[in-house]
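Given chain A, work out where chain B should sit, using these hints.
Each protein sequence line maps, in turn, to chains A and B.
Using full-length UniProt numbering, the first residue of the first sequence is number 1, and each one after it goes up by one.
Using full-length UniProt numbering, the first residue of the second sequence is number 1, and each one after it goes up by one.
FYI, nobody ran anything at the bench for these hints, they're computed from the structure.
Wrong hints could be hidden among the right ones.
Said to hold, decoys possible - Across the chosen pairs, the derived CB separations fall in these ranges:
1) B/Asp174 / A/Ser97: 52 to 62 Å
2) A/Gln250 / B/Ala306: 23 to 33 Å
3) A/Pro271 / B/Gln204: 26 to 36 Å
4) A/Asp152 / B/Glu334: 46 to 56 Å
5) B/Ser75 / A/Gln250: 14 to 24 Å
6) A/Asp207 / B/Asp174: 23 to 33 Å
As the list claims (entries may be wrong) - The calculated DSSO-like cross-link candidates involving lysine-lysine, where the alpha carbons are at most 30 Å apart (straight line), are:
7) A/Lys121 / B/Lys121
8) A/Lys191 / A/Lys121
9) A/Lys197 / B/Lys121
10) B/Lys121 / B/Lys197
11) B/Lys197 / A/Lys197
12) A/Lys191 / B/Lys121
13) B/Lys191 / A/Lys121
14) A/Lys197 / B/Lys191
15) A/Lys191 / B/Lys191
16) A/Lys191 / B/Lys197
Since we're looking at a predicted model, the values are computed, not measured.
Cβ atoms here follow ideal geometry from the backbone N, Cα and C, with glycine treated the same way.
Number of protein chains: 2
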Amino acid sequence: MTQSCTLAIDAMGGDYGPSVTVPAAAAALGRHPSLTIILVGDGARLERQIESLDPPIRARLRIRSATQVVDMDESPSQALRFKRDSSMRVAIDLVRSGEADACVSAGNTGALMATARYRLKTLPGIDRPAICTTIPCRGGRFRMLDLGANVDCTAEHLFQFAVMGSVLVEAAGDSHHPRIGLLNLGEEEIKGNDQVKHAAQLLQESDLQYVGYVEGDRMFRNVADLVVCDGFTGNVALKSSEGVAAMISQYLRDEFRRNLLTRLAGLVAMPVLRALRRRLDHRQYNGASLLGLRGVVVKSHGSADAWAFEQAIETGFVEAVEAIPSRIDARLGEIFQAEPQQ
Amino acid sequence: MTQSCTLAIDAMGGDYGPSVTVPAAAAALGRHPSLTIILVGDGARLERQIESLDPPIRARLRIRSATQVVDMDESPSQALRFKRDSSMRVAIDLVRSGEADACVSAGNTGALMATARYRLKTLPGIDRPAICTTIPCRGGRFRMLDLGANVDCTAEHLFQFAVMGSVLVEAAGDSHHPRIGLLNLGEEEIKGNDQVKHAAQLLQESDLQYVGYVEGDRMFRNVADLVVCDGFTGNVALKSSEGVAAMISQYLRDEFRRNLLTRLAGLVAMPVLRALRRRLDHRQYNGASLLGLRGVVVKSHGSADAWAFEQAIETGFVEAVEAIPSRIDARLGEIFQAEPQQ
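Bound conformation, chain A alone:
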């Protein structure tokens, strides 16, 4: 990709702030010669932090001062009201004004979603933005949305999520005609709540490649490129999966540390365990997309290290270059033209 692109980074967000965001930005600039990054936050501190960077990298780094930081436990409404000069909001406003093509933040998810929605607005035809992330599965990966932005969803919301998510899967090059599944507690048609059943009908009637209901265990068997659900269910499914993976890793460590013999076995098995750890490393999937907005906004895990945050920047870069919001807009236009839903 040779297209030039400018990203705004909320440099103060997340658990570690500039000590993570600045090195990650530098690494991303090293990877993409066409990239420019605007670091938003405490100007003096950021200036000091970028001093030691190589001049060719520094040349594509700009700093925009913002005097406030949204706390990780601040409520969205408080952030909206009292943090008008936060690094998060200023970074989003750079997307709004067109100075930046995307914004990346490791800050408070609720505040990021609320601020992005308030400042950028949703695309026409989208009632609510949704959070979408990439999840590994056997022999591949899939995307899932919503992951917590929308607790209650109607069938129409779920349908909109499917449209937005499928554009993302296509643009990321994972599939030209993404297989879309609805997360449900069974695969038979009679299963599920009314919203899910009605969403299934909407998807069946559309030109999207709907593959039916997907159960929680089957989504890890590569049966769909996109799994659609309400934010409550999606959040619980994702976090349960993370919880089990962490528990198994812990078990594995415990078992190899049990005694001298198992420690020796652990040494012998080290390369295999490292390979497993790489495969399970959730950092590589860091960077959730806030879809449905008139601009690209990517959310990093708050606890991301520099390498993980770099992956979130990469997500923002790809979505900006691929102009995801315009593509979603165009796709919605096609769908509503083909079959007016309102």
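This is chain B only, laid out in the frame that chain A set:
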């Protein structure tokens, strides 16, 4: 436990029928001298199957003929209408008539729930039965309900689930004063849908030990003895967890089979991998309880082998001996007397 107990077993249910249920029944009889088992199903076939058993075991085995079997993909309403002499229904009716103290089946979950509800009825104060199972977590285990019987739940339903589940946890000896959590997408008070928020209020006002909202990942860190949720969310959470665990096991196998060197490492690490497999072996947790009925009904995984099915029988035995339905009934009585809810 010296109390005598009679269990009715749907001998034809599950993927393997009598080839699994009969050896499992024999093993359970060997373990519990006070136990009697009634095998329900194809009389001639079951007679042949038990011929070779030791006489002291056989002496506590009875056979009850039933001419039909509920198919694994049959709808609950079809099973209710057309399978009045199914092994499942006859086994449930033995509980209804008092001939058996509990029923265990590896058959079709929907049909089992519908038949049990229709034939046994729910306890007074319980609107809907729920499915509860045991799940391993770091340093322990917890129980979760509902796992799929109730797609949509009100706050009152969730509260009833909490009462039923806490009685089960107490009776199983896991905790005298179970910590009860509500599954949610965040731990702050403002998070969640209306049902969950209202259920939190009901739990706070009760004398149950409510520990607050629990996120999907935190439930595997031993923060609650009982996690309460609607059946849609619970089913997705449980199956997602199973899917991830299966994927990681597969990864581990793949990595150890990669080449000669990793295969050798796998041999050296074998005892550790076996220990891990034992810890993750979901068969030990086989046997989900259908709570809220006027009788004990336990559902085994359809694909259970004899050892796994024996665990489900064990669950039924413990619940029968502990008289779980009466204890739930008594607990509800206390709660409604203390603070009339209607």
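These are the hints, each one checked on the structure:
{"no.": "1", "hint": "B/Asp174 / A/Ser97: 52 to 62 Å", "result": "holds (58 Å)"}
{"no.": "2", "hint": "A/Gln250 / B/Ala306: 23 to 33 Å", "result": "holds (31 Å)"}
{"no.": "3", "hint": "A/Pro271 / B/Gln204: 26 to 36 Å", "result": "violated (51 Å)"}
{"no.": "4", "hint": "A/Asp152 / B/Glu334: 46 to 56 Å", "result": "violated (34 Å)"}
{"no.": "5", "hint": "B/Ser75 / A/Gln250: 14 to 24 Å", "result": "violated (42 Å)"}
{"no.": "6", "hint": "A/Asp207 / B/Asp174: 23 to 33 Å", "result": "violated (52 Å)"}
{"no.": "7", "hint": "A/Lys121 / B/Lys121", "result": "violated (52 Å)"}
{"no.": "8", "hint": "A/Lys191 / A/Lys121", "result": "violated (35 Å)"}
{"no.": "9", "hint": "A/Lys197 / B/Lys121", "result": "holds (28 Å)"}
{"no.": "10", "hint": "B/Lys121 / B/Lys197", "result": "holds (29 Å)"}
{"no.": "11", "hint": "B/Lys197 / A/Lys197", "result": "holds (25 Å)"}
{"no.": "12", "hint": "A/Lys191 / B/Lys121", "result": "holds (23 Å)"}
{"no.": "13", "hint": "B/Lys191 / A/Lys121", "result": "holds (23 Å)"}
{"no.": "14", "hint": "A/Lys197 / B/Lys191", "result": "holds (26 Å)"}
{"no.": "15", "hint": "A/Lys191 / B/Lys191", "result": "holds (27 Å)"}
{"no.": "16", "hint": "A/Lys191 / B/Lys197", "result": "holds (26 Å)"}
Checked against the numbered hints listed earlier, the structure breaks hints 3, 4, 5, 6, 7, 8; every other hint is satisfied.
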